[in-house]
Amino acid sequence: MIALQGINKSFKVARRTAGVRQAVKALFAREHTIVEALHNISFEISPGEIVGYIGPNGAGKSTTIKVMSGILVPDNGTCKILGYTPWQDRAAYVRNIGVVFGQRTQLWWDVPVIDSFGLLRDIYKIPGDVYHANLAMLTESLALTDIVQTPVRQLSLGQRMRCEIAASLLHDPKILFLDEPTIGLDAASKIAVRQFIKRINKERGVTVILTTHDMNDIEALADRILMIGKGTLLYDGTLNDLRSRFGSKRIVTVDYREHYEPVPIDGVTCLSWSPERAVYSMDIEVTPVASVIARLSEQVEVVDLEVGTTPVEELVLELYKEHRI
Amino acid sequence: MNTYLSVWKLRFVSGLQYRTAAIAGMATQLFFGFVFIMVYVAFYAHSSAQPSMSLEQLATYIWLQQIFLAFVMLWFRDNEIFNLITSGNIAYELCRPCGIYSFWYAKLLAQRLASAILRCIPILLVAFLLPKPYNLTMPPTAATFALFVVTLLLGLAVNIAISMFIYISVFWTMSPVGSTLVIAVIGEFLAGMIIPVPLMPSWMQAITYALPFRWTADFPFRVYSGQIPQSEAVWGILIQFVWLAALILLGRWCLKRALRQVVVQGG
Numbered sequence: 001m002i003a004l005q006g007i008n009k010s011f012k013v014a015r016r017t018a019g020v021r022q023a024v025k026a027l028f029a030r031e032h033t034i035v036e037a038l039h040n041i042s043f044e045i046s047p048g049e050i051v052g053y054i055g056p057n058g059a060g061k062s063t064t065i066k067v068m069s070g071i072l073v074p075d076n077g078t079c080k081i082l083g084y085t086p087w088q089d090r091a092a093y094v095r096n097i098g099v100v101f102g103q104r105t106q107l108w109w110d111v112p113v114i115d116s117f118g119l120l121r122d123i124y125k126i127p128g129d130v131y132h133a134n135l136a137m138l139t140e141s142l143a144l145t146d147i148v149q150t151p152v153r154q155l156s157l158g159q160r161m162r163c164e165i166a167a168s169l170l171h172d173p174k175i176l177f178l179d180e181p182t183i184g185l186d187a188a189s190k191i192a193v194r195q196f197i198k199r200i201n202k203e204r205g206v207t208v209i210l211t212t213h214d215m216n217d218i219e220a221l222a223d224r225i226l227m228i229g230k231g232t233l234l235y236d237g238t239l240n241d242l243r244s245r246f247g248s249k250r251i252v253t254v255d256y257r258e259h260y261e262p263v264p265i266d267g268v269t270c271l272s273w274s275p276e277r278a279v280y281s282m283d284i285e286v287t288p289v290a291s292v293i294a295r296l297s298e299q300v301e302v303v304d305l306e307v308g309t310t311p312v313e314e315l316v317l318e319l320y321k322e323h324r325i
Numbered sequence: 001m002n003t004y005l006s007v008w009k010l011r012f013v014s015g016l017q018y019r020t021a022a023i024a025g026m027a028t029q030l031f032f033g034f035v036f037i038m039v040y041v042a043f044y045a046h047s048s049a050q051p052s053m054s055l056e057q058l059a060t061y062i063w064l065q066q067i068f069l070a071f072v073m074l075w076f077r078d079n080e081i082f083n084l085i086t087s088g089n090i091a092y093e094l095c096r097p098c099g100i101y102s103f104w105y106a107k108l109l110a111q112r113l114a115s116a117i118l119r120c121i122p123i124l125l126v127a128f129l130l131p132k133p134y135n136l137t138m139p140p141t142a143a144t145f146a147l148f149v150v151t152l153l154l155g156l157a158v159n160i161a162i163s164m165f166i167y168i169s170v171f172w173t174m175s176p177v178g179s180t181l182v183i184a185v186i187g188e189f190l191a192g193m194i195i196p197v198p199l200m201p202s203w204m205q206a207i208t209y210a211l212p213f214r215w216t217a218d219f220p221f222r223v224y225s226g227q228i229p230q231s232e233a234v235w236g237i238l239i240q241f242v243w244l245a246a247l248i249l250l251g252r253w254c255l256k257r258a259l260r261q262v263v264v265q266g267g
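Protein chains in written order, with this note's numbering: chain A, 1 to 325; chain B, 1 to 267.
Fair warning: there could be bad hints in the mix.
DSSO-like mimics (lysine-lysine), calculated; alpha carbons at most 27 Å apart, straight line [stated by the list, open to error]:
hint, chain 1, residue 1, chain 2, residue 2
1, B, K9, B, K256
2, A, K80, A, K198
3, A, K202, A, K174
4, A, K25, A, K80
5, A, K80, B, K9
6, A, K80, A, K230
7, A, K25, A, K12
8, A, K125, A, K249
9, A, K125, B, K132
10, B, K9, A, K12
11, A, K125, A, K230
12, B, K9, A, K125
Label pairs and their calculated CB-CB ranges [unchecked claim]:
hint, chain 1, residue 1, chain 2, residue 2, range
13, B, T173, A, A23, 11 to 21 Å
14, B, A146, A, S141, 52 to 62 Å
15, B, G99, A, T78, 43 to 53 Å
16, A, T85, B, T173, 29 to 39 Å
17, A, P47, B, T173, 19 to 29 Å
18, A, Q88, B, T173, 51 to 61 Å
19, B, A21, A, D75, 39 to 49 Å
Sample of chain A residues at the chain B side, in silico, Cβ under 7 Å [stated by the list, open to error]:
hint, residue
20, V94
21, N96
22, V99
23, D122
24, I126
25, R250
26, C270
27, L271
Keep in mind that the hints were calculated from the coordinates and are not lab data.
Note that CB positions come from ideal geometry on N, CA and C, so glycine has one too.
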């Protein structure tokens with residue numbers, strides 16, 4: 001459904017160092033550097049997937065989204081989405097996609113949200129019944145009933161973001177691009193947004209591509225992640241594969257009935273110990289978690305047990321380190 | 001509803017909200033109209049040469065300028081569009097299935113209409129009721145009036161096509177100040193907004209006739225007072241159409257070029 005092949009995009013950036021002298025010099029001879037925002041990006045996405053697109057700031061995430069949504073024209077490479085080349089068949093193509101840029105707004109600032117929705121209905125020529133059905137579904141599942149009559153300038157960020165997401169789905173897009181949809185939201189709003197994304201993906205089969213810096217978004221949503229750094233695609237696979245690549249480590253925390261001696265287990269490091277709790281760290285390729293638990297329950301009366309994996313953030317940092325970005 | 005009609009409506013409705021601005025605008029425009037006419041009354045009283053425009057026609061010309069200021073002035077600007085370009089919100093406009101040129105055109109048209117409608121009637125009434133020679137006179141015939149309406153609306157269309165270049169230029173300059181200043185100062189002068197075109201020296205008139213600006217203001221206002229005869233006015237309408245088509249084609253071409261190399265600002 002989405003296929004990018006060898007996409008390159010560079011920007012010309014004027015630059016000068018600080019200071020008056022440099023500023024005067026720049027009046028006459030301006031120095032430009034070419035920044036390669038995207039370098040040979042290729043990937044494919046099938047219908048119904050939720051793909052998390054991650055990478056550090058300035059890595060080229062948003063640029064890729066903009067190329068895919070027909071806003072930017074790449075220097076070379078091909079991109080076929082639903083049979084269209086986004087920047088060539090822009091008007092026909094964009095009917096099929098919804099886009100949310102977390103840091104921008106598509107709603108009219110001074111008028112109630114519902115008026116912006118009405119304008120979108122006319123722009124996309126959404127038939128009346130479809131519009132009303134979608135509006136009802138969206139207001140219900142994003143809890144917008146009380147806020148659609150309010151001018152956008154009076155909404156909180158979380159309320160506005162929910163409206164933005166609703167606005168991008170009114171015309172039944174087949175693909176939804178979300179560029180940092182949870183930026184600046186509180187925990188409750190983040191969860192609401194995530195649940196909603198999951199829901200429309202399940203119920204309507206909308207393919208979702210989202211960029212984010214919040215690894216919880218990725219963990220909650222994405223079946224697959226693409227990682228980009230300095231314009232190059234570094235990783236394409238599932239979160240679990242990434243985990244197993246770096247994280248064969250597990251942390252086991254056990255609570256047990258009072259036991260006044262440490263319980264040593266072969267091949268496992270004991271990170272901390274107290275009469276009621278112990279924390280072990282192990283490499284599951286050497287010692288499987290199950291055998292550790294078996295050994296433990298032979299010696300103490302286990303009350304509670306928690307197996308933790310390396311947090312996603314750390315995995316991502318490992319990847320960054322591996323690629324030196 | 002049609003997309004362009006819809007954006008027009010939304011913009012028009014939100015434009016009607018600004019009542020205080022409209023009242024302030026009305027006061028300013030009445031004041032300026034009055035002062036300009038007083039200046040010309042003084043000039044005419046002490047002039048030995050035969051002016052090419054009667055004082056009565058001149059007063060009408062100035063009042064029409066003030067009444068339809070929102071139609072003819074190039075200073076009028078939509079900061080939303082400027083912000084869109086400089087802040088990068090243009091990204092959203094680019095992922096809509098409609099042409100940006102027409103979309104902005106509809107927006108600008110709505111804004112000018114809303115602004116004019118709020119202000120024109122009170123000024124119109126006051127200008128009619130003023131004593132001679134300060135008053136706005138009626139057009140000589142109904143046909144003249146009809147021609148005036150047509151030329152005024154076409155003039156509005158031409159004016160928006162011109163102002164579109166200010167917006168397009170911001171893609172390169174990233175600041176609306178320079179292009180607004182240049183285009184507005186030169187354009188309004190050449191449209192006869194500072195000195196009525198008939199009072200300019202003939203070499204300067206020749207320049208204004210060769211450019212599109214006078215077709216937005218000078219031409220319809222002189223059609224109104226009958227200073228331009230009806231047969232000439234019909235030809236003028238044709239020329240307005242030609243300018244309109246040329247400006248829109250050029251504008252679309254420029255916008256297309258701007259969008260091909262667009263850099264969405266701010267990541």
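Hint by hint, here is what the structure shows:
{"no.": "1", "hint": "B/K9 - B/K256", "in the structure": "holds, 26 Å"}
{"no.": "2", "hint": "A/K80 - A/K198", "in the structure": "holds, 25 Å"}
{"no.": "3", "hint": "A/K202 - A/K174", "in the structure": "holds, 12 Å"}
{"no.": "4", "hint": "A/K25 - A/K80", "in the structure": "violated, 44 Å"}
{"no.": "5", "hint": "A/K80 - B/K9", "in the structure": "violated, 36 Å"}
{"no.": "6", "hint": "A/K80 - A/K230", "in the structure": "holds, 23 Å"}
{"no.": "7", "hint": "A/K25 - A/K12", "in the structure": "holds, 19 Å"}
{"no.": "8", "hint": "A/K125 - A/K249", "in the structure": "violated, 53 Å"}
{"no.": "9", "hint": "A/K125 - B/K132", "in the structure": "violated, 54 Å"}
{"no.": "10", "hint": "B/K9 - A/K12", "in the structure": "violated, 40 Å"}
{"no.": "11", "hint": "A/K125 - A/K230", "in the structure": "violated, 40 Å"}
{"no.": "12", "hint": "B/K9 - A/K125", "in the structure": "holds, 16 Å"}
{"no.": "13", "hint": "B/T173 - A/A23: 11 to 21 Å", "in the structure": "holds, 18 Å"}
{"no.": "14", "hint": "B/A146 - A/S141: 52 to 62 Å", "in the structure": "holds, 55 Å"}
{"no.": "15", "hint": "B/G99 - A/T78: 43 to 53 Å", "in the structure": "violated, 25 Å"}
{"no.": "16", "hint": "A/T85 - B/T173: 29 to 39 Å", "in the structure": "holds, 30 Å"}
{"no.": "17", "hint": "A/P47 - B/T173: 19 to 29 Å", "in the structure": "violated, 43 Å"}
{"no.": "18", "hint": "A/Q88 - B/T173: 51 to 61 Å", "in the structure": "violated, 28 Å"}
{"no.": "19", "hint": "B/A21 - A/D75: 39 to 49 Å", "in the structure": "holds, 46 Å"}
{"no.": "20", "hint": "V94", "in the structure": "holds, 5 Å"}
{"no.": "21", "hint": "N96", "in the structure": "violated, 9 Å"}
{"no.": "22", "hint": "V99", "in the structure": "holds, 5 Å"}
{"no.": "23", "hint": "D122", "in the structure": "holds, 4 Å"}
{"no.": "24", "hint": "I126", "in the structure": "violated, 11 Å"}
{"no.": "25", "hint": "R250", "in the structure": "violated, 37 Å"}
{"no.": "26", "hint": "C270", "in the structure": "violated, 46 Å"}
{"no.": "27", "hint": "L271", "in the structure": "violated, 41 Å"}
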